[in-house]
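**Student:** For the sequence shown, position 280 (counting from the first letter as 1) is numbered 278 according to my numbering, and the numbering increases by one without interruption.
Think of the hints as simulated: they come from the structure by calculation, not from any bench.
Incorrect hints may appear among the rest.
Claimed, not checked - Simulated pairs of lysine to any residue, SDA-like, Cα-Cα distance not exceeding 20 Å:
(1) Lys164 to Gln196
(2) Lys263 to Leu294
(3) Lys26 to Gly78
(4) Lys363 to Gln426
(5) Lys140 to Arg246
(6) Lys333 to Ala275
(7) Lys164 to Ile176
(8) Lys363 to Arg396
(9) Lys223 to Gln426
(10) Lys164 to Asp134
(11) Lys1 to Asp134
(12) Lys26 to Asp134
(13) Lys26 to Lys263
What the hints assert, rightly or not - Just the calculated beta-carbon pair ranges, DEER-fashion:
(14) Glu74 to Ala156: 23 to 33 Å
(15) Tyr380 to Ala339: 20 to 30 Å
(16) Arg28 to Lys164: 31 to 41 Å
(17) Gln281 to Gln175: 19 to 29 Å
(18) Asp248 to Leu218: 30 to 40 Å
(19) Ile176 to Tyr380: 48 to 58 Å
(20) Glu202 to Ala339: 23 to 33 Å
(21) Asp248 to Ser356: 16 to 26 Å
From a predicted model like this one, the values you see are computed outputs, not experimental measurements.
No residue lacks a Cβ here, since even glycine has one placed at the ideal position from N, Cα and C.
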Amino acid sequence: MAKGIILAAPNSASGKTLVTLGLLRALKNRGISAVSAKAGPDYIDPAFHAAASGKHCINLDYWAMGHSSVNARAIEHSNGSDIFVIEGVMGLFDGPVGAEGSTADLAIALNLPVVLVVDAARQGQSIAALVQGFRDHQTQLKLAGVVLNRVASDRHEAILRQSLNKIDVNVMGVLRQIDSLEWPSRHLGLIQAQENQQLEQFIETACREVARETFVDNILEQAAKITNQTQEITNRVPPLAQSIAIARDDAFSFCYPHLVEDWRKQGAEISFFSPLADEKPTQSGACFLPGGYPELHAGKLAANSQFLSGLRNFQGLIYGECGGYMVLGDQLIDKQGESHAMAGLLPLTTSFAQRKLSLGYRALKSLNAPWAMPLRGHEFHYSTIHSQGEGPPLFHARDAAGSQLGPIGQRVGNVMGSYAHVISAAPQ
C-alpha cells in the first residue's frame, strides 16, 4: 500500500497547487510512482495534477462522500503506487459551514500527515505564531512540517527558519519569489490545463524549485500509510443508462473522473463526443452534458448544427449540469449581452450579462431526477436564470448546514438539468 501525505495551507493562494505540481513532476522524474488527489469539489486542479504526474487524479470530498468512502477511494486509487499526494482545498480548517468537510477532516479520516504551505512574502518572526496556531488547533492532526513559499532572500529565510526552530517545526522546503510562477485566473477559477500553452514550462519551473533542496526526500520520509482501511465504496452514483454519451471538450470539461469510472465499474458503456467539433452524441441510453465554459464558446455552439440537431433528435435521456443545463435551454446571453440560440429543449434562458455568484455544497433530494436516492453535489456559477418557463423541478436542495434552498432545475420529458454538479450518493 502506498504511503500518503497532504499538502495544505493557512489560506487559498498560498502556493499549494504550485508545490503539488512541482512535487509530482519531481517524483516522476526520479522514477517514483506517484498518484494524486484533490480535496473538495474541484475540476481544474486535477487536470494540472495529471499533466504533472502523467497519472489519473481523483477528487476526495469528505462532505460529499463520507468517511468510509474517502478511505476506500484513497486506498483503491493509491494501490500499487509508491506515494499518494493529496492537495487540500482553501485553508486547512476551512470547509462547509455547519458540517465536516475541511482538509483537516480529510487528513484525520485518512490518518495522514499534513505539510503546511505558507506564503511567507510578508512574514517575519510572526510566522511562528501562525504555524503554531495551525499545528495546535486540532490535536488529532499531525503536522509533518512547513514549506515556505515566496521567500525574498537568504536573510529572510534565516529569520523564518530561526523563528520556526523555536517552536520545533520542521522546514521541509523553501521556494523563492519567482514572477513566472504566478498563475492566470478567470471568473470560475484557474485557466484549464488544456487551454494553457505554457503549462509544461510552469510545471518544470515549479519542479526545479521543489527539487533543488531536500524537499522531495523529506516528503518521502514523512509520508505515512493510510491506517483507517475501508475496502468498499458504498455510495457510488448509479449510471444514467447502460450506455452513456458524454460531451467532452473545452466547453464541457467539468466532469468528475470518479463518476465516470464508477459508471464503468457498474457496467455502463461510455463514449465521448465534442460539441465544439460539431459532433453529435452517439445513440445511447443517455447523453450527459457536463459543466464547463459554454459561455466562452456560445457563438460557435449556436452555429454547430450537427451537435444541436443531434441533441434534438436524441432518443434517450438527456441530462445537463450547470453549463450543460444552460446549453439545453432556449438562449444563452453572453457577458456582452448578445443572445445565442441553444438546443431549445428546456424553456430556459440564462445570462452572463446579469452576473451573480452562486457557490456552495448541495444536499439533493430527487423530485424528477434520474436517481431516486439522496445525492451530494455543489454549485459554482456566475450566470443567472434570465427567464424560465413551466416544467417540474429536478431536485429539492439544501445547503451543507441544512438550510432549505427550495426546488432547483427542470425536467421536460426525457430532458433535464440543473445548476448542481453531482459528486456522490449521500453517505450512508
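**Student:** Given the hint that lysine 223 pairs with glutamine 426, does the C-alpha gap stay at or below 20 Å?
**Tutor:** Since the Cα atoms of lysine 223 and glutamine 426 sit roughly 25 Å apart, the hinted pair is violated (cutoff 20 Å).
**Student:** Would you check the hint for lysine 26 and aspartate 134, treating anything up to 20 Å between C-alpha atoms as holding?
**Tutor:** Cα-Cα ~33 Å, so violated.
**Student:** Lysine 26 and glycine 78: Cα distance at most 20 Å?
**Tutor:** At roughly 15 Å apart (the allowed maximum being 20 Å), glycine 78 and lysine 26 satisfy the hint.
**Student:** If you draw a straight line from the CA of lysine 164 to the CA of isoleucine 176, is it 20 Å or shorter?
**Tutor:** It is violated: about 28 Å lies between the C-alpha atoms, which goes past 20 Å.
**Student:** For glutamine 281 and glutamine 175, compare the CB-CB distance with the range 19 to 29 Å and indicate the outcome.
**Tutor:** violated, 55 Å
**Student:** Checking one constraint from the list: CA of lysine 26 to CA of lysine 263, max 20 Å. Satisfied?
**Tutor:** violated, 28 Å
**Student:** Evaluate the given range 30 to 40 Å for the C-beta pair formed by aspartate 248 and leucine 218.
**Tutor:** holds, 36 Å
**Student:** Taking the beta carbons of arginine 28 and lysine 164, is their distance inside 31 to 41 Å?
**Tutor:** holds, 33 Å
**Student:** Starting from the range 48 to 58 Å, see whether the pair isoleucine 176 and tyrosine 380 falls in it by beta-carbon distance.
**Tutor:** violated, 31 Å
**Student:** Look at the Cβ atoms of glutamate 74 and alanine 156 and judge whether their distance stays inside 23 to 33 Å.
**Tutor:** Taking Cβ atoms as reference, glutamate 74 and alanine 156 lie about 44 Å apart, which means the hint is violated.
**Student:** Does glutamine 196 sit within 20 Å of lysine 164, going by the straight-line distance between their CA atoms?
**Tutor:** violated, 40 Å
**Student:** Holds or violated: are the alpha carbons of lysine 363 and glutamine 426 at most 20 Å from each other?
**Tutor:** Holds, because 15 Å separates the two Cα atoms, which is no more than 20 Å.
Hint compliance for this structure: hints 1, 2, 5, 6, 7, 9, 11, 12, 13, 14, 17, 19 and 20 are broken, all remaining hints hold.
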